[in-house]
Amino acid sequence: MTDPPPPPPPPPPPHPPCRLFTITQYECSPSNDRITCWPLERLFRQCGKDGPAVEVTHLVEPSRDDPERPVIPEHALSKLPRGRMWRDVAVESAVSAARE
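Using this note's numbering, you'd call the opening residue of the sequence shown number 24 and step up by one each time.
Quick caveat, the hints were computed from the structure, so don't treat them as lab data.
Source: prediction; values computed, not measured.
Ideal Cβ positions, reconstructed from N, Cα and C, are used throughout, including at glycine.
Worth double-checking, as some hints may not be accurate.
[Claimed, not checked] Beta-carbon label-pair distances, calculated as ranges:
{"hint": "1", "residue 1": "88", "residue 2": "44", "range": "28 to 38 Å"}
{"hint": "2", "residue 1": "62", "residue 2": "90", "range": "17 to 27 Å"}
{"hint": "3", "residue 1": "29", "residue 2": "71", "range": "13 to 23 Å"}
{"hint": "4", "residue 1": "33", "residue 2": "71", "range": "14 to 24 Å"}
{"hint": "5", "residue 1": "98", "residue 2": "58", "range": "18 to 28 Å"}
{"hint": "6", "residue 1": "33", "residue 2": "107", "range": "23 to 33 Å"}
{"hint": "7", "residue 1": "30", "residue 2": "85", "range": "40 to 50 Å"}
[Claimed, not checked] Distance condition first, Cα-Cα at most 25 Å in a straight line; then the derived SDA-like pairs of lysine to any residue:
{"hint": "8", "residue 1": "72", "residue 2": "94"}
{"hint": "9", "residue 1": "72", "residue 2": "50"}
{"hint": "10", "residue 1": "102", "residue 2": "91"}
{"hint": "11", "residue 1": "72", "residue 2": "54"}
{"hint": "12", "residue 1": "72", "residue 2": "101"}
{"hint": "13", "residue 1": "72", "residue 2": "41"}
{"hint": "14", "residue 1": "102", "residue 2": "84"}
{"hint": "15", "residue 1": "102", "residue 2": "89"}
{"hint": "16", "residue 1": "72", "residue 2": "96"}
{"hint": "17", "residue 1": "102", "residue 2": "74"}
{"hint": "18", "residue 1": "72", "residue 2": "100"}
{"hint": "19", "residue 1": "102", "residue 2": "44"}
{"hint": "20", "residue 1": "72", "residue 2": "104"}
{"hint": "21", "residue 1": "72", "residue 2": "48"}
{"hint": "22", "residue 1": "102", "residue 2": "73"}
{"hint": "23", "residue 1": "102", "residue 2": "80"}
{"hint": "24", "residue 1": "102", "residue 2": "83"}
{"hint": "25", "residue 1": "102", "residue 2": "41"}
{"hint": "26", "residue 1": "72", "residue 2": "106"}
{"hint": "27", "residue 1": "102", "residue 2": "75"}
Start from the sequences, fold in the hints, and give me the full structure.
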């Protein structure tokens with residue numbers, strides 16, 4: 024009689040859910056005595072509740088199912104930069120000063 028096969032390994036922990044969200048910024052230009060502004064919509068991807076957000080405006084495409092819903096194509100997901108929290112971003116001048 025043989026022993027039963029070992030149980031399968033547990034599945035890897037799930038990745039935190041990611042969401043897309045937008046912010047609207049305005050670009051303004053002075054002209055004579057007026058300032059003209061127009062909206063710029065930027066899209067960001069955030070994974071996890073408190074994870075850093077990465078701008079993905081240049082990567083999104085309309086969904087095939089719903090053209091009003093933006094999606095990131097599968098091939099572009101691997102090209103996303105790794106997001107960092109602001110507290111983890113080092114300013115080059117501060118890094119240089121610390122080395123001296």
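Hint check:
1. 88 to 44: 28 to 38 Å: 20 Å, violated
2. 62 to 90: 17 to 27 Å: 20 Å, holds
3. 29 to 71: 13 to 23 Å: 33 Å, violated
4. 33 to 71: 14 to 24 Å: 21 Å, holds
5. 98 to 58: 18 to 28 Å: 41 Å, violated
6. 33 to 107: 23 to 33 Å: 30 Å, holds
7. 30 to 85: 40 to 50 Å: 44 Å, holds
8. 72 to 94: Judged against 25 Å, a Cα distance of about 20 Å means the pair holds.
9. 72 to 50: Not OK: residue 72 and residue 50 at ~30 Å, beyond 25 Å, violated.
10. 102 to 91: It holds: about 24 Å lies between the C-alpha atoms, which stays within 25 Å.
11. 72 to 54: 42 Å, violated
12. 72 to 101: 21 Å, holds
13. 72 to 41: Holds - the C-alpha atoms of residue 41 and residue 72 are around 9 Å apart, at most 25 Å.
14. 102 to 84: 15 Å, holds
15. 102 to 89: 24 Å, holds
16. 72 to 96: 22 Å, holds
17. 102 to 74: Given pair residue 102, residue 74 holds - Cα atoms ~18 Å apart, limit 25 Å.
18. 72 to 100: 19 Å, holds
19. 102 to 44: Given pair residue 102, residue 44 holds - Cα atoms ~19 Å apart, limit 25 Å.
20. 72 to 104: It holds: about 18 Å lies between the C-alpha atoms, which stays within 25 Å.
21. 72 to 48: 23 Å, holds
22. 102 to 73: Answer holds: residue 102 to residue 73 is near 22 Å, not above 25 Å.
23. 102 to 80: Holds, because 13 Å separates the two Cα atoms, which is no more than 25 Å.
24. 102 to 83: Measuring from Cα to Cα gives roughly 12 Å; hence the hint holds.
25. 102 to 41: 16 Å, holds
26. 72 to 106: 14 Å, holds
27. 102 to 75: 16 Å, holds
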